[in-house]
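For this one, chain F is given, so just place chains G and Z with the ligands on it according to the hints.
Top line first, the protein sequences correspond to chains F, G and Z.
According to my numbering, the stretch in the first sequence is residues 1 to 286, in order.
According to my numbering, the stretch in the second sequence is residues 1 to 320, in order.
According to my numbering, the stretch in the third sequence is residues 1 to 341, in order.
Worth flagging that the hints you see were computed from the coordinates, not collected in a lab.
Don't be surprised by glycine CBs; every beta carbon is placed ideally from N, CA and C.
There may be inaccurate statements among the hints.
As the list claims (entries may be wrong) - If you want the footprint, here are the derived chain Z segments under chain F, 3+ residues with CB under 8 Å:
id, stretch
1, 7-19
2, 110-119
3, 285-293
4, 307-320
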Amino acid sequence: MLTNTYQNPYLPTPMHVLRAYYESTDRTLKTLELSFDNPQDRLAFFRKFNPGQFCQLSVFGKGESPLGVASAAWEGDFVRFTVQKMGAVTKALHRLQPGDPIGMRGPLGNGFPLSKWKGKNLVIIGGGCAFSTLYALTKHVQHPQNRPDFGQIIVIYGARSSGLCMYKHDIQSWYQREDMEVHQAIDVPEEDWMHHVGYVPDVVKEVAPSPVNAVAVVCGPPIMTKFTLPALVQLGFPPDAIFTSLEKRMKCGLGKCGRCNLGSKYICKDGPVFSLAELNALPADI
Amino acid sequence: MTELETKIRAEAERLLSEHLVDVVVAFRKEDAPLHPQPAFFTQVDELQDLVYNGLCANNLANYLTRHPQETRIGMVVRGCENRSVNALVVEKQHTRENLVLIGIPCEGILDWRHIVALTGENVLSVEENGESVCVHTRENTFAFSRVELLHPSCQRCLHPNPISADVLLGELKPEGDPELMRLRIEALENLTLEERNAWFRHEAERCIRCYACREACPMCYCTECFVDHTEPRWSESGVTPAGMQAWHIVRAFHQTGRCTSCGACERACPMDIQMTYLTDKLNLDMIDAYQFEVGMDTTTQPPFATLTLDDKNRFITRGK
Amino acid sequence: MAYRLPKKGLDQTLRAWAEQSKVFAPQKREGYAQFLPWKAGVELLLDEPHNTRFPPKAFLLPQSETLLTYNRKLNQLETPTLQISPRIIFGIRPCDAHAVALLDTVFATQENPDPYWRARREQTILIGVGCNQPATTCFCTSVGSSPFDHAGLDAIFTDIGEAYLVETFTERGEALFAGLPQAEANDEGQARSIQQQAEAGLTPAFATDNLKDHLDQIFDSSLWNEFAQSCLGCGICTFLCPTCFCFDIVDEAQRDERVRNWDTCMFRIYSLEASGHNPRPSRAERTRQRLMHKFSYWIEHANQFGCTGCGRCVRYCPVGLDIRAMLRKAAATPSEVVHAN
Ligand SMILES: Cc1cc2nc3c(=O)[nH]c(=O)nc-3n(C[C@H](O)[C@H](O)[C@H](O)COP(=O)(O)OP(=O)(O)OC[C@H]3O[C@@H](n4cnc5c(N)ncnc54)[C@H](O)[C@@H]3O)c2cc1C
Ligand code: SF4
Ligand code: SF4
Ligand code: SF4
Ligand code: SF4
Ligand code: SF4
Ligand code: FES
Numbered sequence: 001m002l003t004n005t006y007q008n009p010y011l012p013t014p015m016h017v018l019r020a021y022y023e024s025t026d027r028t029l030k031t032l033e034l035s036f037d038n039p040q041d042r043l044a045f046f047r048k049f050n051p052g053q054f055c056q057l058s059v060f061g062k063g064e065s066p067l068g069v070a071s072a073a074w075e076g077d078f079v080r081f082t083v084q085k086m087g088a089v090t091k092a093l094h095r096l097q098p099g100d101p102i103g104m105r106g107p108l109g110n111g112f113p114l115s116k117w118k119g120k121n122l123v124i125i126g127g128g129c130a131f132s133t134l135y136a137l138t139k140h141v142q143h144p145q146n147r148p149d150f151g152q153i154i155v156i157y158g159a160r161s162s163g164l165c166m167y168k169h170d171i172q173s174w175y176q177r178e179d180m181e182v183h184q185a186i187d188v189p190e191e192d193w194m195h196h197v198g199y200v201p202d203v204v205k206e207v208a209p210s211p212v213n214a215v216a217v218v219c220g221p222p223i224m225t226k227f228t229l230p231a232l233v234q235l236g237f238p239p240d241a242i243f244t245s246l247e248k249r250m251k252c253g254l255g256k257c258g259r260c261n262l263g264s265k266y267i268c269k270d271g272p273v274f275s276l277a278e279l280n281a282l283p284a285d286i
Numbered sequence: 001m002t003e004l005e006t007k008i009r010a011e012a013e014r015l016l017s018e019h020l021v022d023v024v025v026a027f028r029k030e031d032a033p034l035h036p037q038p039a040f041f042t043q044v045d046e047l048q049d050l051v052y053n054g055l056c057a058n059n060l061a062n063y064l065t066r067h068p069q070e071t072r073i074g075m076v077v078r079g080c081e082n083r084s085v086n087a088l089v090v091e092k093q094h095t096r097e098n099l100v101l102i103g104i105p106c107e108g109i110l111d112w113r114h115i116v117a118l119t120g121e122n123v124l125s126v127e128e129n130g131e132s133v134c135v136h137t138r139e140n141t142f143a144f145s146r147v148e149l150l151h152p153s154c155q156r157c158l159h160p161n162p163i164s165a166d167v168l169l170g171e172l173k174p175e176g177d178p179e180l181m182r183l184r185i186e187a188l189e190n191l192t193l194e195e196r197n198a199w200f201r202h203e204a205e206r207c208i209r210c211y212a213c214r215e216a217c218p219m220c221y222c223t224e225c226f227v228d229h230t231e232p233r234w235s236e237s238g239v240t241p242a243g244m245q246a247w248h249i250v251r252a253f254h255q256t257g258r259c260t261s262c263g264a265c266e267r268a269c270p271m272d273i274q275m276t277y278l279t280d281k282l283n284l285d286m287i288d289a290y291q292f293e294v295g296m297d298t299t300t301q302p303p304f305a306t307l308t309l310d311d312k313n314r315f316i317t318r319g320k
Numbered sequence: 001m002a003y004r005l006p007k008k009g010l011d012q013t014l015r016a017w018a019e020q021s022k023v024f025a026p027q028k029r030e031g032y033a034q035f036l037p038w039k040a041g042v043e044l045l046l047d048e049p050h051n052t053r054f055p056p057k058a059f060l061l062p063q064s065e066t067l068l069t070y071n072r073k074l075n076q077l078e079t080p081t082l083q084i085s086p087r088i089i090f091g092i093r094p095c096d097a098h099a100v101a102l103l104d105t106v107f108a109t110q111e112n113p114d115p116y117w118r119a120r121r122e123q124t125i126l127i128g129v130g131c132n133q134p135a136t137t138c139f140c141t142s143v144g145s146s147p148f149d150h151a152g153l154d155a156i157f158t159d160i161g162e163a164y165l166v167e168t169f170t171e172r173g174e175a176l177f178a179g180l181p182q183a184e185a186n187d188e189g190q191a192r193s194i195q196q197q198a199e200a201g202l203t204p205a206f207a208t209d210n211l212k213d214h215l216d217q218i219f220d221s222s223l224w225n226e227f228a229q230s231c232l233g234c235g236i237c238t239f240l241c242p243t244c245f246c247f248d249i250v251d252e253a254q255r256d257e258r259v260r261n262w263d264t265c266m267f268r269i270y271s272l273e274a275s276g277h278n279p280r281p282s283r284a285e286r287t288r289q290r291l292m293h294k295f296s297y298w299i300e301h302a303n304q305f306g307c308t309g310c311g312r313c314v315r316y317c318p319v320g321l322d323i324r325a326m327l328r329k330a331a332a333t334p335s336e337v338v339h340a341n
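Isolated chain F, as found in the complex (with noise of 0.2 Å):
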């Protein structure tokens, strides 16, 4: 048995999915709760760990799909996800019911460098799906334990609509916070709709966050990072104090399989958290 020898890094660990849920009014986004079937898995999952990492998870007969942890290790002993239905896999993962079996490799990635971090203040700017892993950075920032490690908190998150808001119950609260600022954005105005109305570099422009002793996180859709990364710039962000998260296609998530690289670099495996100043140095292929 190769397993008597090595550690196989293309085996799933066996999860089950605890809680599963619908995350935007129109279904296309689906939250997933998963525990561990083993204890040492979860031990060894949690030591590792760290927000802005990623996981392949596994249905078998589909393949596997790279998505984001949202949720931070305090929260308890599972690993949330959020998909949006996409393809094979993505459609697969939403017909998941609590209590269903699935695969999971990780964390995989580099993680948010969060003990860089330290001391400064933090400016979370996410939009879209890809929120989920600035959701796990949130979480994790507002444990007692890690607060006092960064000074200011402001989190600036759109979504297309209102019913695409993910963790609104959630984000609802930290309103309440005194600890950190809020700004939640959609693109076109509604009714009951109090928060900003615009897209996010706008809303970015507007809310004006200092870039002094403070690192900016970017994370959404490709147009809107785009967009968002010049805005800090003239804010007066330099550019090794904007990270962003990338994506690309992935299969094996270590490096191996060759798929994700942006010039010498590979996005599962160096990635997927770059700071500005690394991508200025990276050719643009993305």
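Coordinates of chains G and Z with the ligands only, in the frame set by chain F:
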């Protein structure tokens, strides 16, 4: 430079300098021995690189679908390429008015693999003198007659002359013998079921699924090939017998009434797999059942692309 | 250590190996050279001036292999039992063995080593035969290898006429030749001069000074479009390449298996994302990726080119795109356009 090359260059120069076309698709002199490259000339001064010889192995009609319909293309075409172009026009892949076909009656394409098999890997150059061909290798010089070196598809070629070229360069060649293709297929058909199965498996299962055959074929222009579909998946993806056999059978079927027997697929294949026996068989069936030969004009739809109430198979009306 | 093996004795040596291991050696089938199981009496293709058509990387990274099997009862994926018996690949060319050494840097890594690669690599002994007369399409010396390169090999043969000079580099290579007479100074001298001659026969195929930096600088050049115009976007140049390692992972549900298959950056769907976005939408970006990976990114990963000059892509590209000519053109392309976002 051969006389024919001079004529092709002159014609290409005329088309470009009089702005009659945006690009001339032809061949340019090789970087790697034995392999002249398909080339796309847009400037007159590039034409000094244009070559034409027996080693020009690709079917240039393959590049038609890479250009938008509005692009005015001048294309060097031999018999099979002309028919491929016609077939593509029938399938509305380009506008005939935007094409200028520079027709060349074809002497047949030399099979570079056969040359390598006979002379070794270190071929430096190949010299053609009418019916004789001289191959210079690093170590030696070999003399052959052209027929010896012809690619099998060209040995069986029916229509070496471009049938609807706008300009014809060179002398017309005699038509091919239709029996040659039939004999080959009949020889296979006369085998026992087991023997045929063994033949098929032997060819299909050497496949490495590089899809060069598909990419080299003018008629394989689908944006997404059936083998690349994920929802649903039509075949296994790997080099398993099931996957490779499915690939060979379904690709051949998709060529029914569309393939011109040009052999470009076989010439591209890195594993020397013969696959035209499948398409040729389907072509014969089209002739026998529907008296249809692809690419003979620019209007007739292939039988399998048409629906008529008097279809040979009465499945359309029988259900009632 | 260096030994002398008379050519007459080769058969006996292979016979002895075949008792302990599977032995594969180049033979002609379907009209071209292939690595096939050695059996007494088969005719070997050792003098052919070039390589097998299909690259021997497949011994270590099969084109299709079962990664996991699906246990329906437990509803879980499992690691299959991988039984790999000891194998000797005899007659592998130095460029192909060098490629194996390159692939070790991808698969036999400290972190997350690939267990399938390692299991096979450990059971596989590579005995090379150097190239007295490299083919006209070979260019190993241009990319840091040579006709008698040792990288990746357990031992190498040099044809010195009546006999082979056998040089061993590893313990397991050494063990295969125990009992042979040691080479005499004369044999070694003869081998050295043959080796030098072979190397001298290869002229630089393109300039490699600054090649990486230059390629990085012409990332946005229109040169890639020029190559892409004729490129078919097939799998030949990468599937046949001994250093290409890209793979896909797919489930074959009807067989209850998760499989990995070779894949290639030259395919459109390789980088196509579920949203429809494709970061490499045309053959231009794909051709660029192939060349950049081999001649720029590899340098950053392993400080070596990801090409060993085997010449396969040159010989089998159906539209005659010769990587040497492509690199010469790249070198001649001015680097005024510097990529930056
Ligand atoms: C690091 C990372 C984190 C991600 N996080 C999330 C997330 O939190 N929520 C979410 O909804 N989506 C996320 N995605 C995108 C998600 O992985 C794709 O939408 C999903 O893989 C599509 O797979 P499919 O089988 O449904 O689609 P198909 O089109 O059927 O794809 C087939 C295969 O292609 C690959 N693939 C296709 N598109 C992508 C893509 N954009 N990225 C990676 N692989 C792809 C997968 O391997 C998949 O198995 C993330 C992607 C990456 C790279
Ligand atoms: S299938 Fe082959 S022979 Fe037929 S048209 Fe296509 S390339 Fe030519
Ligand atoms: S070109 Fe040959 S090896 Fe490649 S897919 Fe076609 S038949 Fe298979
Ligand atoms: S073998 Fe030639 S045609 Fe095929 S992808 Fe490579 S360069 Fe393009
Ligand atoms: S790039 Fe071409 S020459 Fe270089 S190792 Fe690969 S196949 Fe051989
Ligand atoms: S050249 Fe392309 S196929 Fe080959 S290893 Fe690099 S990315 Fe993969
Ligand atoms: S997903 Fe395989 S290298 Fe990144």
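Evaluated hints:
1. For the stretch 7-19 of chain Z, the stated coverage by chain F is violated: 0 residues have a C-beta nearer than 8 Å to a C-beta of that chain, whereas at least 3 were required.
2. A count of 7 residues in the stretch 110-119 of chain Z with a Cβ less than 8 Å from any Cβ of chain F is obtained; the coverage claim is therefore met, three being the minimum.
3. With 4 residues having a Cβ less than 8 Å from any Cβ of chain F, the stretch 285-293 of chain Z passes the three-residue criterion, so the hint holds.
4. Beta-carbon proximity to chain F at under 8 Å applies to 0 residues in the stretch 307-320 of chain Z; the threshold of 3 is not reached and the given coverage is violated.
Hints 1 and 4, counting from the list given before, are not met by this structure.
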